[in-house]
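If you read the protein sequences in the order shown, they are chains A and B.
For the first sequence, UniProt numbering assigns the number 1 to the initial residue and increments by one for each residue that follows.
For the second sequence, UniProt numbering assigns the number 1 to the initial residue and increments by one for each residue that follows.
It should be emphasised that the hints constitute simulated quantities derived from the structure, not laboratory data.
A couple of the hints might just be wrong.
Said to hold, decoys possible - 25 Å max Cα-Cα, derived BS3-like pairs, lysine-lysine:
#1 B:Lys336 <-> A:Lys81
#2 A:Lys81 <-> B:Lys279
#3 B:Lys288 <-> A:Lys81
#4 B:Lys427 <-> B:Lys306
#5 B:Lys107 <-> A:Lys286
Unchecked claim - Now the stretches of chain A that chain B is said to cover, found in silico as 3 or more residues with beta-carbon under 8 Å:
#6 100-112
#7 120-126
#8 239-248
#9 327-337
#10 379-391
Keep in mind it's a predicted model, so treat the numbers as computed, not measured.
Where a beta carbon is used, it is the ideal one built from N, C-alpha and C, also for glycine.
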Amino acid sequence: MLKTVVLHNVLMETVIRRRRSDSVKMAAGQQWVLVEMVQAFYEAPAYHLILEGILILWIIRLLFSKTYKLQERSDLTEKEKEELIEEWQPEPLVPLVPKDHPSLNYDVVTGPPSHRIIVNGKECINFASFNFLGLLDSERVKLKALSSLKKYGVGTCGPRGFYGTFDVHLELEERLAKFMRTEEAIIYSYGFATIASAIPAYSKRGDIVFVDEAACFSIQKGLQASRSFVKYFKHNDMEDLERLLKEQEIEDQKNPRKARVIRRFIVVEGLYINAADICPLPELVKLKYKYKVRIFLEESMSFGVLGEYGRGVTEHFGVNIDDIDLISANMENALASIGGFCCGRSFVIDHQRLSGQGYCFSASLPPMLASAAIEALNIMEEDPGIFRVLQDKCKHMHKALQGTPGLKTVGEPLTPALHLLLENSTGSRTNDLKLLRAIVDYSLDRQIALTLARYLDKEERFLPPPSIRVVVTVEQTQEEMEKAAQCIREAAVKILK
Amino acid sequence: NTDLPGGWCKRPPLCCRCRPTHGDLSGLGESVSVVLMGIALQVCHAACNGELYSRPFIESFEETPMLLAVLTYMSYGILTIFGYLRDFMREWKIEKCHTAREREEQKDFVPLYQDFENFYTRNIYMRIRDSWNRPICSVPGATFDLVECSSNDYNWTFEYTGRVVKDVINLGSYNYLGFAENTGACATAAGEVTVKFGVGVASTRQEMGNLDRHEELEKLAASFLGVESAMVFGMGFATNSMNIPALVGKGCLILSDELNHASLVLGARLSSSTIRVFKHNNMQSLEKLLRDAIVHGQPRTHRPWKKILILMEGIYSMEGSIIRLPEVIALKKKYKAYLYLDEAHSIGALGLNGRGVVEYFGLDPKDVDVMMGTFTKSFSAAGGYVGGRKDLIDYLRTHSHSAIYATTMSLPVVEQILTSMKCIMGKDGTTIGLSRIQRLAENTVYFRRRLQEMGFIIYGNNDSPVVPMMLYMPAKLGAFGREMLKRNIGVVGVGFPATPIIESRARFCISAAHTKEMLDRALDVISEVGDLLHLKYSRHKVLPSLDRPFDETTYEENEE
Chain A
1 MLKTVVLHNV
11 LMETVIRRRR
21 SDSVKMAAGQ
31 QWVLVEMVQA
41 FYEAPAYHLI
51 LEGILILWII
61 RLLFSKTYKL
71 QERSDLTEKE
81 KEELIEEWQP
91 EPLVPLVPKD
101 HPSLNYDVVT
111 GPPSHRIIVN
121 GKECINFASF
131 NFLGLLDSER
141 VKLKALSSLK
151 KYGVGTCGPR
161 GFYGTFDVHL
171 ELEERLAKFM
181 RTEEAIIYSY
191 GFATIASAIP
201 AYSKRGDIVF
211 VDEAACFSIQ
221 KGLQASRSFV
231 KYFKHNDMED
241 LERLLKEQEI
251 EDQKNPRKAR
261 VIRRFIVVEG
271 LYINAADICP
281 LPELVKLKYK
291 YKVRIFLEES
301 MSFGVLGEYG
311 RGVTEHFGVN
321 IDDIDLISAN
331 MENALASIGG
341 FCCGRSFVID
351 HQRLSGQGYC
361 FSASLPPMLA
371 SAAIEALNIM
381 EEDPGIFRVL
391 QDKCKHMHKA
401 LQGTPGLKTV
411 GEPLTPALHL
421 LLENSTGSRT
431 NDLKLLRAIV
441 DYSLDRQIAL
451 TLARYLDKEE
461 RFLPPPSIRV
471 VVTVEQTQEE
481 MEKAAQCIRE
491 AAVKILK
Chain B
1 NTDLPGGWCK
11 RPPLCCRCRP
21 THGDLSGLGE
31 SVSVVLMGIA
41 LQVCHAACNG
51 ELYSRPFIES
61 FEETPMLLAV
71 LTYMSYGILT
81 IFGYLRDFMR
91 EWKIEKCHTA
101 REREEQKDFV
111 PLYQDFENFY
121 TRNIYMRIRD
131 SWNRPICSVP
141 GATFDLVECS
151 SNDYNWTFEY
161 TGRVVKDVIN
171 LGSYNYLGFA
181 ENTGACATAA
191 GEVTVKFGVG
201 VASTRQEMGN
211 LDRHEELEKL
221 AASFLGVESA
231 MVFGMGFATN
241 SMNIPALVGK
251 GCLILSDELN
261 HASLVLGARL
271 SSSTIRVFKH
281 NNMQSLEKLL
291 RDAIVHGQPR
301 THRPWKKILI
311 LMEGIYSMEG
321 SIIRLPEVIA
331 LKKKYKAYLY
341 LDEAHSIGAL
351 GLNGRGVVEY
361 FGLDPKDVDV
371 MMGTFTKSFS
381 AAGGYVGGRK
391 DLIDYLRTHS
401 HSAIYATTMS
411 LPVVEQILTS
421 MKCIMGKDGT
431 TIGLSRIQRL
441 AENTVYFRRR
451 LQEMGFIIYG
461 NNDSPVVPMM
471 LYMPAKLGAF
481 GREMLKRNIG
491 VVGVGFPATP
501 IIESRARFCI
511 SAAHTKEMLD
521 RALDVISEVG
531 DLLHLKYSRH
541 KVLPSLDRPF
551 DETTYEENEE
């Protein structure tokens with residue numbers, strides 16, 4: 001209170017002064033101002049000067065004294081502190097997991113995880129692993145990996161910068177770039193870390209990312225790490241995306257200076273792992289140029305699957321790959337190795353070599369896994385017919401699964417990983433999962449290996465409904481697919497009634 | 001000195017100027033410290049909490065000489081001025097610009113990255129970048145073969161000449177126990193698995209990618225670490241960044257060492273808990289944060305924290321320092337915090353049986369709540385693990401991001417870890433593992449002592465196989481790498497931003513695979529290059545200790 005009064009007084013003083021000097025200025029010109037002020041000083045009564053002096057001192061005091069004490073409220077004695085420390089009881093590090101938690105006990109695979117797979121001791125046909133092209137079982141790939149092992153050993157013992165770059169890494173990057181017909185490619189040692197590192201390499205705090213609601217978990221984590229402003233649009237809904245872009249455009253017009261430094265990105269998946277459908281890429285590219293937004297495309301499910309030569313969703317739609325700013329995919333599905341890669345123009349990709357966290361700070365990919373990926377690429381290039389075979393099988397499986405009683409098939413005919421959803425949910429996720437698990441178990445007993453699609457219920461931004469995943473690979477024969485569809489139908493009839 | 005209760009007294013700050021006195025070291029290694037450290041070396045030791053340590057804890061961080069600091073700042077100044085000059089010339093097309101350009105169609109987009117962000121890369125890093133990313137074409141063992149490359153445009157592009165530089169001594173790879181091999185038990189076993197299983201798994205742990213081999217590895221890892229249960233993950237970096245968010249969340253506090261690895265920092269950030277940073281390996285700083293956190297609670301609401309998690313590493317790979325684990329455990333117990341220990345560099349490399357930093361200090365693994373580590377280094381494979389109580393691991397099995405969304409570890413890699421771990425544990429019926437651990441400890445002590453005697457400034461703990469040697473100036477960072485490589489020795493340089501701006505350093509990683517001859521050759525060359533580049537900065541005289549034969553080390557002595 002006191003402070004305001006004093007300040008007010010002082011302000012008044014100055015105002016009066018200024019008015020007086022203003023009139024002088026106008027009357028007599030600049031040089032008279034000083035003389036006038038000195039004169040005024042002499043003419044002023046002593047009490048005025050004393051008062052003013054006190055006020056000035058007071059202001060100085062106010063300026064240099066703290067207005068409030070920061071530590072005031074925590075003025076605890078040592079003893080009180082000790083008591084607080086004594087009393088504090090933390091939560092346990094982790095809550096106890098009930099013994100019957102549905103995802104605590106994993107299915108155990110013995111033997112190679114290939115087309116014929118032994119799950120929990122039962123030999124089955126694999127309808128669960130993302131081994132789309134069957135390259136996991138390829139003798140050529142195995143032998144190439146073995147010869148690489150004999151040359152380099154297993155581990156790389158260092159990140160790429162510190163003698164962790166092997167000649168095979170460079171070869172693989174070159175081959176991937178050539179395969180995708182882009183300028184450059186960069187490899188990561190873990191599929192999950194690829195897009196999760198790539199997004200924060202470009203998108204920073206304050207930037208805006210437009211993301212499809214069905215985006216996979218690694219995209220979500222990349223967005224979180226980037227600390228950017230995230231706007232979700234409805235799954236594959238271009239009108240909704242355009243609405244958001246327009247909103248942003250209006251926002252930009254309000255503050256064009258700020259708009260000039262905000263980067264914008266659209267992050268989509270080529271073929272959504274959670275929704276099993278394809279993104280409308282041509283429309284996205286149109287929107288990209290209309291609103292000047294860059295497109296990041298995650299192609300883990302579509303690389304080596306879609307398109308005549310397996311180049312993914314750009315080839316599927318005939319979109320110029322240079323229109324996509326960044327494509328990322330993992331090498332763990334179609335290529336059946338480990339790791340991931342990003343490709344695009346050098347201007348974009350090269351930036352990751354110093355800013356991609358998963359690239360700079362992690363040990364590089366074991367050379368034998370890089371060699372395996374190179375050999376897998378060789379096979380894909382030598383025999384492009386394989387993609388046609390896969391696509392036909394996907395269509396076949398999609399058709400065969402239609403009309404399963406009580407189950408809804410989600411996904412486009414070209415998708416190698418379909419979802420089977422309950423037509424009528426019981427209303428509780430746990431019960432739904434139990435029903436679906438019963439179908440999986442029923443199939444396991446009849447030599448069909450299926451799996452539930454697993455999610456972290458609390459962590460997912462938009463939790464997909466519970467589902468069974470059915471994966472199609474080129475190794476599955478017509479009969480096997482029929483058998484699987486038949487088996488699922490039986491199970492559905494029996495379990496869902 | 002007794003303002004902190006609980007019998008904890010203030011210790012001098014980390015890089016104190018203090019002499020090792022006989023009493024401090026509990027009488028155990030007094031002769032050691034004198035012989036090893038000479039008389040006036042700056043030593044950081046467990047002054048007051050000496051009784052917590054079962055062995056001498058000798059860590060030195062010699063202060064940067066003032067003149068050098070000034071010169072280093074000046075050299076950055078000169079580089080910056082020239083950088084601006086060249087950027088100016090590039091702008092006016094006087095000098096050719098080598099950086100990749102944006103497409104014409106997208107020129108009017110918001111720039112993908114700010115040009116000034118890359119100033120450092122373009123004008124400083126680019127000039128010495130030939131010291132990094134050198135492709136190798138053999139096993140990264142004690143020696144390796146490098147792909148020869150040259151640049152005609154000052155490192156903007158590299159050309160591979162097609163020749164190979166043979167038999168370069170490898171002081172750069174984290175091959176602590178020398179398991180980077182293409183022959184021998186590990187490679188054979190991994191090879192057999194490759195032929196039988198292939199390399200990929202193409203599914204996640206929770207779906208169809210959980211093989212019995214993985215479970216076997218987890219059991220072995222748990223018994224190796226001395227914990228109830230363990231879980232393995234496909235990538236070391238992701239082990240941190242994908243599991244920390246499963247352990248802590250909103251309303252929890254993370255206390256993180258300022259020099260923690262990027263993966264820990266990322267994991268902490270993804271967990272959306274509050275993060276506070278304490279000074280590197282500084283127990284006073286940690287205790288103050290712990291006290292304040294509990295006394296004041298969460299900011300604004302003052303609700304008590306749900307839990308407090310301390311994140312630390314066993315060996316810090318840039319400093320060569322070892323965590324003050326006995327003190328950290330005492331603090332964590334006193335304040336009921338949890339400890340997450342990242343043993344990426346210490347597992348296999350420390351302790352009599354290679355069990356890491358816990359064994360090194362003779363402590364109980366149960367006192368560390370989360371034991372994390374990687375298989376990349378000592379085991380020469382890939383991936384990481386988390387070990388701890390059964391309820392912790394059960395929780396991770398159901399809630400780890402990695403178990404649900406990431407592809408499982410490749411089987412040949414699993415086999416490499418299984419075989420090398422069995423070897424370290426002596427389960428293969430040989431003493432190869434033990435002798436390697438011993439060899440590494442001997443090599444480490446020998447190499448560090450010799451470098452100190454030569455007058456280099458060496459950072460870190462005497463027992464740490466990561467040996468940072470200070471170079472300070474950015475130009476010397478490049479020159480040192482090149483000169484060493486000319487003499488067929490591969491070293492790693494680290495500069496800004498991985499270190500503080502004036503503390504550029506070379507980093508040697510000692511391996512059990514190094515023979516004494518190799519180390520001696522390397523040391524001779526380092527000395528030669530050190531003279532050439534005037535790198536022998538240390539102002540502390542360390543007397544050569546010729547009376548001590550090579551193989552009789554402190555390591556063995558102290559175990560009695």
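Hints versus structure:
no.	hint	in the structure
1	B:Lys336 <-> A:Lys81	holds, 15 Å
2	A:Lys81 <-> B:Lys279	holds, 23 Å
3	B:Lys288 <-> A:Lys81	holds, 12 Å
4	B:Lys427 <-> B:Lys306	violated, 42 Å
5	B:Lys107 <-> A:Lys286	holds, 16 Å
6	100-112	holds (count 10)
7	120-126	violated (count 1)
8	239-248	violated (count 0)
9	327-337	holds (count 6)
10	379-391	violated (count 0)
Checked against the numbered hints above, the structure violates hints 4, 7, 8 and 10; every other hint is satisfied.
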